[in-house]
Amino acid sequence: MTLTEMAEQNKVILYGTWTSPYVKRVELALKVKGIRYEYVEEDLRNKSPLLLTFNPIHKKVPVLVHNGKAIVESLVIIEYIDETWKTGPQLLPEDPYKRSQIRFWASYMQQVSEAMVLVIKTIGEAQEKAIKEVSEKVKLLEAGLKGLFPDGIPSVHEYSKNVTLLDLVILAHFGGYEAQEEVLGLKLIDSEKTPLVVSCITALIEIPAVKESLNPLEKVVAFLKFFRENALKSATA
Amino acid sequence: MADVVILLDAYASVFGMRVRVALAEKGIKYEYREEDLRNKSQLLLKMNPVHKKIPVLIHNGKPVCESLIIVHYIDEVWKDKAPLLPSDPYQRAQARFWADFIDKKLYDAQKKIWTAKGEEQETAKKEFIEALKVLEGELGGKPYFMGERFGFLDIALITFYSWFHTYETLGNFSIEAECPKLISWAKRCMQKESVSKSLPDPKKVYEYILEMKKKLGVE
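Chains as they are written, first to last, in my numbering: chain A, 1 to 237; chain B, 1 to 219.
Simulated from the structure, these hints should not be mistaken for lab results.
Some clues are possibly wrong.
For lysine-lysine, the following DSS-like pairs were computed, each having C-alpha atoms within a straight-line distance of at most 30 Å [what the hints assert, rightly or not]:
1) A/LYS193 - A/LYS211
2) A/LYS98 - A/LYS211
3) B/LYS215 - B/LYS105
4) B/LYS133 - B/LYS187
5) B/LYS112 - A/LYS60
6) A/LYS98 - B/LYS187
7) B/LYS46 - A/LYS129
8) A/LYS59 - B/LYS142
9) A/LYS187 - A/LYS129
10) A/LYS146 - B/LYS105
11) A/LYS69 - B/LYS104
12) B/LYS192 - B/LYS26
13) B/LYS40 - A/LYS98
14) A/LYS219 - A/LYS31
15) A/LYS132 - B/LYS46
16) A/LYS219 - A/LYS233
17) A/LYS129 - B/LYS112
18) B/LYS112 - B/LYS40
Please model the complete structure; the sequences and the hints are all you need to start from.
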């Protein structure tokens, strides 16, 4: 299909990898807004020429192509989705202050995510240090959520109408928490220390469009085990 | 009720300058408070407990952090004057993408120009010029990044211009020789009062960096 054909058909294509939480963020946004799209799985060790054409600067996923034009960087993509399609929940609320808080914490999730990846890639003292970092950062995130939801997370029914960009980002990174617990033998989030983060995830998972986009537990466990083993091997090599 | 706007900032910060320019573009009255970054105020620590950094915009007592998030906020609250972001979603996505590029690629490279020496500094200079050239390509023949009007992406980049003298002196190279179109764009932006009054004197920035280097022991 040529770029002209894509433009004429109002086609939406997402280039991604199933293991990337950054891709997941965008997938979740497309799904909760009910946008039809084509998904192209990329092999990051052998990137397709199309991917390199659409993201020449960073050469990364996710890339969203709409009307033949590429949008890159997950949070930029989600804001584009929110501004272009008025179906489904409004991912950024009207109130500028709330928007600034959501953007702030969504951006902060990158640091939380990097610390989480370190926990998976390390053992012993290095892992202890990484676990402590995740714990501190998630605590701050929890405080941020308290600021946004002073009366607690609303019921699922209400919530599915009010899903925000931040909720999708949190789910993208923590949605696989059961797999993480199984592989690591420890909890990075729990309902005692981080109740709002946990209620956010549990509420979101109940939304049908979200539920169907979650990867099966065994698949994620297998991938995390492989990822961890590989990382530990290269560390000692 | 009148708006109370306070900006916690540090005069040489390229991030703080972005907020100053945005506030000036919108004609917003505010109180500027200079922070000593080696001795941060209680207010700063309270208003930005997560990062403990400037700039922080405090609007009617509520803090907004991170320069680009603050610029978005300013644009959305004071939306009736001088729109900073374009209205088309794809154009907005482009502006945001390039601002993110500046914060990732340009920022890291420029830091090593004034903190490193020898080969490390040479590599940083190369990366910095490469990034500027990419941005220059994005500008093309337009007066401003998004077209005819000065806006978000110009604000994101122009603040680094106040540091060019520092980079050139410490790195011993000419940015104008490498990116003449970008320098023309920068001079065009500097003709705007909102920009010229918000950016510090490049010579003062250079003196400040020399002092920083002494204190950090990187001479």
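Verification of the hints:
no. : hint                : verdict
1   : A/LYS193 - A/LYS211 : holds (25 Å)
2   : A/LYS98 - A/LYS211  : holds (26 Å)
3   : B/LYS215 - B/LYS105 : holds (26 Å)
4   : B/LYS133 - B/LYS187 : holds (17 Å)
5   : B/LYS112 - A/LYS60  : holds (25 Å)
6   : A/LYS98 - B/LYS187  : violated (36 Å)
7   : B/LYS46 - A/LYS129  : holds (26 Å)
8   : A/LYS59 - B/LYS142  : holds (26 Å)
9   : A/LYS187 - A/LYS129 : holds (15 Å)
10  : A/LYS146 - B/LYS105 : violated (34 Å)
11  : A/LYS69 - B/LYS104  : holds (23 Å)
12  : B/LYS192 - B/LYS26  : holds (13 Å)
13  : B/LYS40 - A/LYS98   : holds (26 Å)
14  : A/LYS219 - A/LYS31  : holds (21 Å)
15  : A/LYS132 - B/LYS46  : holds (23 Å)
16  : A/LYS219 - A/LYS233 : holds (21 Å)
17  : A/LYS129 - B/LYS112 : holds (28 Å)
18  : B/LYS112 - B/LYS40  : holds (25 Å)
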